[in-house]
Amino acid sequence: MGAEAMELKRVLICVALMALVTYIPRVLPVTIFRKQIQSRFIRSFLDYTPYAVLGALTFPDVFFSTGHLCSAVGGTLVAVGLGYRGKSLVVVAMAAILTVYLLEMLL
Amino acid sequence: MEWNGSMNSMEKKESIKKSFAEGVRSGIPIGLGYFPVSFTFGFLAVAGGLPVWVAGLISLTNLTSAGQFAGTNLILAGAGYVEVALTTFVINLRYMLMSLSLSQKLERSTGTLERMVLAFGITDETFVVSSLKTGTLRASYMIGLMTMPILGWNLGTVLGGSISTLLPQALQNAMGIALYAMFIALIIPAARKSSHVLCVIAAAVAVTCVLKYVPLFSFISSGFRVILATVAASALGAYLFPREEETVQDDGQKEQEV
Numbered sequence: 031m032g033a034e035a036m037e038l039k040r041v042l043i044c045v046a047l048m049a050l051v052t053y054i055p056r057v058l059p060v061t062i063f064r065k066q067i068q069s070r071f072i073r074s075f076l077d078y079t080p081y082a083v084l085g086a087l088t089f090p091d092v093f094f095s096t097g098h099l100c101s102a103v104g105g106t107l108v109a110v111g112l113g114y115r116g117k118s119l120v121v122v123a124m125a126a127i128l129t130v131y132l133l134e135m136l137l
Numbered sequence: 038m039e040w041n042g043s044m045n046s047m048e049k050k051e052s053i054k055k056s057f058a059e060g061v062r063s064g065i066p067i068g069l070g071y072f073p074v075s076f077t078f079g080f081l082a083v084a085g086g087l088p089v090w091v092a093g094l095i096s097l098t099n100l101t102s103a104g105q106f107a108g109t110n111l112i113l114a115g116a117g118y119v120e121v122a123l124t125t126f127v128i129n130l131r132y133m134l135m136s137l138s139l140s141q142k143l144e145r146s147t148g149t150l151e152r153m154v155l156a157f158g159i160t161d162e163t164f165v166v167s168s169l170k171t172g173t174l175r176a177s178y179m180i181g182l183m184t185m186p187i188l189g190w191n192l193g194t195v196l197g198g199s200i201s202t203l204l205p206q207a208l209q210n211a212m213g214i215a216l217y218a219m220f221i222a223l224i225i226p227a228a229r230k231s232s233h234v235l236c237v238i239a240a241a242v243a244v245t246c247v248l249k250y251v252p253l254f255s256f257i258s259s260g261f262r263v264i265l266a267t268v269a270a271s272a273l274g275a276y277l278f279p280r281e282e283e284t285v286q287d288d289g290q291k292e293q294e295v
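Respectively, the protein sequence lines represent chains Z and Y.
When we follow our numbering, the leftmost residue of the first sequence carries the number 31, and every step to the right adds one.
When we follow our numbering, the leftmost residue of the second sequence carries the number 38, and every step to the right adds one.
No lab work stands behind these hints, which were simulated from the structure alone.
Careful: at least some of the hints might be erroneous.
[Stated by the list, open to error] To list a few chain Y residues with every Cβ distance to chain Z over 12 Å, as calculated:
#1 45
#2 47
#3 50
#4 57
#5 58
#6 61
#7 62
#8 63
#9 169
#10 195
#11 253
[What the hints assert, rightly or not] In silico lysine-lysine, DSS-like type, Cα no more than 30 Å apart, as pairs:
#12 50/Y / 170/Y
#13 170/Y / 54/Y
#14 49/Y / 142/Y
#15 54/Y / 142/Y
#16 230/Y / 117/Z
#17 117/Z / 170/Y
Bear in mind the structure is a predicted one, so any value in this text is a computation, not a measurement.
For every residue, glycine included, the Cβ atom is placed at its ideal position computed from N, Cα and C.
Build out the structure end to end from the sequences listed, making use of the hints.
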């Protein structure tokens with residue numbers, strides 16, 4: 031098997047795993063448990079996980095996601111500012127890309 | 038007697054069709070809203086080096102934003118199977134709450150097979166729409182509801198992926214920040230509204246930085262860093278600021294932001 035085929039195999043196994051772990055939390059409660067989670071701690075924990083995971087994924091890695099630290103910081107500031115004003119995902123992403131693009135042309 | 042029986046089954050068929058159509062109609066705005074997001078996903082995945090068909094396969098089998106963005110990010114970074122699976126799983130844990138909540142609202146007579154099909158279509162947005170609907174939920178409505186979102190999500194991915202290679206290199210480099218910008222757009226509005234959420238995010242970032250920059254922890258890979266930070270910060274948040282008991286509607290409105 032060539033290196034490229036190996037890599038494709040790894041990617042496809044990853045995709046299958048992702049599909050599986052995305053389906054399991056969707057399907058188990060509605061088919062098997064059919065009961066309400068009683069523990070307030072677990073309910074709160076589950077409420078907080080998406081924010082925690084996205085925070086941990088974003089910072090500090092976002093600062094190294096472009097060619098220069100400066101352009102990344104600029105893009106991040108624009109994204110935070112627009113996010114604070116409640117702009118949509120797409121608007122925030124496009125504005126950040128544009129900011130990075132323009133800053134990198136200046137650098 | 039017999040005539041009555043067949044009339045009933047015809048009526049039943051008719052009402053299943055009607056609730057399916059109602060679901061499809063309710064799903065149109067969701068599908069339209071998904072299009073630009075999945076377009077960006079397809080674009081990023083292909084710019085990162087995946088073939089268009091793999092990007093499409095991810096959208097087809099995952100049908101979720103944050104989870105598949107993060108998983109794809111890790112795939113492109115060359116992460117291992119356990120990291121990819123665990124990180125995606127942690128992000129998708131919230132679906133358990135929605136799935137539980139929907140199971141309370143679903144018609145009691147709904148069969149297991151139907152439940153397995155409709156479970157695939159549970160997303161933040163379809164959850165909100167269906168939990169705000171008055172009365173019990175029928176499987177046919179739920180399956181109708183997921184059709185347009187699935188269509189929008191996959192069409193956007195394939196189109197975004199297809200034009201990805203046509204853009205100039207400099208712009209493709211700048212795209213590296215797009216994913217993070219979307220993550221920021223997901224968490225900042227929630228952090229603005231709730232100081233508890235802000236604390237949880239800050240704690241998660243702090244743990245990530247400690248694990249990343251303190252040499253003692255350098256054996257921990259990036260995927261596990263995220264998992265450890267998430268579990269620690271969410272547990273801290275649940276311990277310090279337990280959420281008030283909520284109705285299904287409140288849950289829905291809250292989940293809409295993620």
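Hints, verified against the model:
1. 45: 28 Å, holds
2. 47: Since the minimum Cβ distance to chain Z is about 29 Å, residue 47/Y lies beyond 12 Å and the statement holds.
3. 50: 24 Å, holds
4. 57: Non-interface label on residue 57/Y holds, nearest chain Z Cβ at 18 Å vs cutoff 12 Å.
5. 58: About 23 Å separates residue 58/Y from the closest Cβ of chain Z, which puts it past 12 Å; holds.
6. 61: At roughly 20 Å from the nearest Cβ of chain Z, residue 61/Y sits farther out than 12 Å, so the non-interface label holds.
7. 62: 23 Å, holds
8. 63: Check passes; 19 Å lies beyond 12 Å.
9. 169: 18 Å, holds
10. 195: Residue 195/Y is indeed farther than 12 Å from all Cβ atoms of chain Z, at 15 Å.
11. 253: The assertion about residue 253/Y holds, with a minimum of 18 Å to chain Z.
12. 50/Y / 170/Y: Holds, at roughly 21 Å.
13. 170/Y / 54/Y: This hinted pair holds, its Cα atoms lying about 18 Å apart.
14. 49/Y / 142/Y: Holds, at roughly 20 Å.
15. 54/Y / 142/Y: Distance of about 20 Å is within 30 Å: holds.
16. 230/Y / 117/Z: 14 Å, holds
17. 117/Z / 170/Y: Status holds; Cα separation ~27 Å.
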